[in-house]
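K.L.:
What follows is the residue order along each chain.
There are 2 protein chains.
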Amino acid sequence: MLVPFADVKPLVHAILEGCGASSATARLQADTLLEAELRGLASHGLQRLPRMVRRIRSGLADPHATGAHVWRRPGFLSVDGCRGLGPVVGAAAIEALAPVARRDGIALAAVRNSNHLGMLAWYAERIAALGLVGIVLSTSEALVHPFGGRRAMLGTNPVAIGVPVAGGEPFVLDLATSMVSMGKVHDFALRGRAIPEDWARNADGEPTADPDEAMRGSLAPFGGAKGYGLGLAFELLVASLAGSDFAPDVRGTLDAEHPCNKGDVFLLIDPLGGSGRAVAAYLDALRSSPSASPSVPISVPGDGSRARRRQALARGIDVADAVWNQLTSLAGHPA
Amino acid sequence: MLVPFADVKPLVHAILEGCGASSATARLQADTLLEAELRGLASHGLQRLPRMVRRIRSGLADPHATGAHVWRRPGFLSVDGCRGLGPVVGAAAIEALAPVARRDGIALAAVRNSNHLGMLAWYAERIAALGLVGIVLSTSEALVHPFGGRRAMLGTNPVAIGVPVAGGEPFVLDLATSMVSMGKVHDFALRGRAIPEDWARNADGEPTADPDEAMRGSLAPFGGAKGYGLGLAFELLVASLAGSDFAPDVRGTLDAEHPCNKGDVFLLIDPLGGSGRAVAAYLDALRSSPSASPSVPISVPGDGSRARRRQALARGIDVADAVWNQLTSLAGHPA
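Protein chains in written order, with the working numbering: chain C, 772 to 1106; chain X, 772 to 1106.
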């Protein structure tokens, strides 16, 4: 159903405040979920809220924690998330890093023991809005098989990169290193549609077109051996810096039973007045370069999200009925 | 022809010293070329040496330059390569960064006005050998079309990531964000073989199976929209930090007529005793996880390179006759 943004927002705030979150915490956590919905990324949107509420009620997520910060070196911030909500711990880390990145040119935070970040673009955009270049990495449960493999051994290991653009919206890239998200497979299952055979393998490691079987199996990495290599590099990088677990041992981003032991890395770089204006001109040249399908002009990562966001703000957010019913029920029965 | 490594190495040193390179410079530049050959990456190997010699003789490459270093912030090194050779300027930047990364946890160099780096794995390995995590980026001439596009607008924009592994060889990933390298297309042309239609487009922007047409056209990004997004993010990141040019204006990595105006970024992070041992165990679990083709076990990036290197050291380097003739001629006629 289409729900006006103005109706959804207070509902989500009320649900989170009903679990004991401060209004500042509710605002951050709600914003990541709602921004994902506005951009058409339902897998990182409101469907995650009921689980989040269960995690808060059972103590697996602490709505008051912002993370314990230890500067192990002048440019290296180690964060124990103390079971805090991903966006709260993430935003606090970025706030701590920004002045250091401006002072030293660069600063990094490695985070463990924090809950699911949600859509990484939210963080990259936040960093770019400060005039800084941002790189954000996060790991997850084992959902992806190695190139040529049959068993899930890697996380979906997304990366987001934000670059400020003079006089315009920042460049924001956000992608998982799996070929598709498990959320998309879930969506095909709900609609009773088959998935392409190169997307996933079943629990026995065989290629499958059945989305239900795929959800019990593993996703392919994107881009063959190269995408596998990148996902693996991010897996090692995050675990090495954050001291977090490797995918086969990770729990807690998709369940309401386990502490969350994946890791996150935030890297902020001051471009020191670098070529923001040249970036804008280059991106425009890209957009107007010849397209293979004249009806589909070349787009730059983030263009589609921004268009969907404008449309959703005007027309409303398309929330699955089941999710909307859960939310209204949660709002009526705060803990 | 197969040439013993012991015969090739002194020849390459002699050629470089014949152009006025010091023995230290010759050693660094020769090592990147030879390591590429040993790993089967001929596109970054000896075939580049004759052009390099022409660039040195015409002043487009200065074998004495190591780069002018300005620490614009405590963790941000700005390098004017002063037309130096890529590996000489790169190695000097890494040497300057390493103690800062150990002191502050992280340090970055942004390099412009330096010649072609060659194989990026060489740098990531060098950084990992210091016990540090390394990320290396470099840009190039426009060779890659955007996803859905018809004209080369992006560089091949490779990335290398190195992660130290306790008690073993480091993890080293090195990949271009194009589907294949122009060197591979060149190789198909030499053998008179057609290329798959999804690799490249011709100068008119149409898909082509003709490698000669592809060399005058553009390569596809790897992994569809995601690979395009990554290549573009690296393009913006490098240009923003190094103040280097964007792909359509870049010259000098493939010709002997123009100064080289691409950019490079080196990022070093101290894992502060992070999970090197856990990395080793995880990589072994990956390698022994079930494979879709039982005769082809799962490999980790770098495994294949190391195997090829061992074999080439034992059997010799496979150098194209034409390249070998050029080299022996160059060695006989120093400038």
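For the record, the hints were derived by calculation from the structure and aren't laboratory data. Any given hint could turn out to be false.
One copy or two, either will do: identical chains are not told apart, so a pair holds if it fits within one copy or between any two.
Unchecked claim - Here are the simulated SDA-like cross-link-like pairs (lysine to any residue), alpha carbons at most 25 Å apart as the crow flies: (1) 780 to 1059; (2) 955 to 919; (3) 780 to 1056; (4) 955 to 843; (5) 955 to 873; (6) 780 to 959; (7) 955 to 781; (8) 955 to 995; (9) 955 to 1052; (10) 780 to 1049.
K.L.:
Measure nothing new, just compare the shortest in-copy and cross-copy C-alpha distances for residue 780 and residue 1049 to 25 Å and report within, between, both or neither.
P.N.:
neither (37 Å within a copy, 43 Å between copies)
K.L.:
Treating 25 Å as the Cα threshold, decide for residue 955 and residue 843: within, between, both or neither.
P.N.:
Neither: 39 Å inside a copy, 45 Å across copies.
K.L.:
When no copy is named, should residue 955 and residue 1052 be tagged within, between, both, or neither for a Cα gap of at most 25 Å?
P.N.:
For residue 955 and residue 1052, neither the intra-copy (34 Å) nor the inter-copy (32 Å) Cα distance is at most 25 Å.
K.L.:
Using 25 Å as the alpha-carbon threshold, which applies to residue 955 and residue 781: within, between, both, or neither?
P.N.:
So residue 955 and residue 781 fail the 25 Å test inside a copy (27 Å) and across (56 Å) alike.
K.L.:
Is it within, between, both, or neither for residue 955 and residue 919, if the alpha carbons may be no more than 25 Å apart?
P.N.:
For residue 955 and residue 919, both the intra-copy (22 Å) and inter-copy (22 Å) Cα distances are at most 25 Å.
K.L.:
Is it within a copy, between copies, both, or neither that the alpha carbon of residue 780 lies no farther than 25 Å from that of residue 959?
P.N.:
Answer is neither: 27 Å inside a copy and 57 Å across each miss the 25 Å cutoff.
K.L.:
Evaluate residue 780 and residue 1056 at a C-alpha cut-off of 25 Å and name the case that applies: within, between, both or neither.
P.N.:
So residue 780 and residue 1056 fail the 25 Å test inside a copy (37 Å) and across (45 Å) alike.
K.L.:
Between residue 955 and residue 995, at a C-alpha cutoff of 25 Å, which is it: within one copy, between copies, both, or neither?
P.N.:
Both, since 19 Å and 17 Å are each at most 25 Å.
K.L.:
Are the CA atoms of residue 780 and residue 1059 at most 25 Å apart within a copy, between copies, both, or neither?
P.N.:
neither (37 Å within a copy, 48 Å between copies)
K.L.:
How would you classify residue 955 and residue 873 at a CA-CA limit of 25 Å: within, between, both, or neither?
P.N.:
For residue 955 and residue 873, the Cα distance exceeds 25 Å both inside one copy (39 Å) and across copies (42 Å).
The structure is inconsistent with the numbered hints 1, 3, 4, 5, 6, 7, 9, 10, although it conforms to all the rest.
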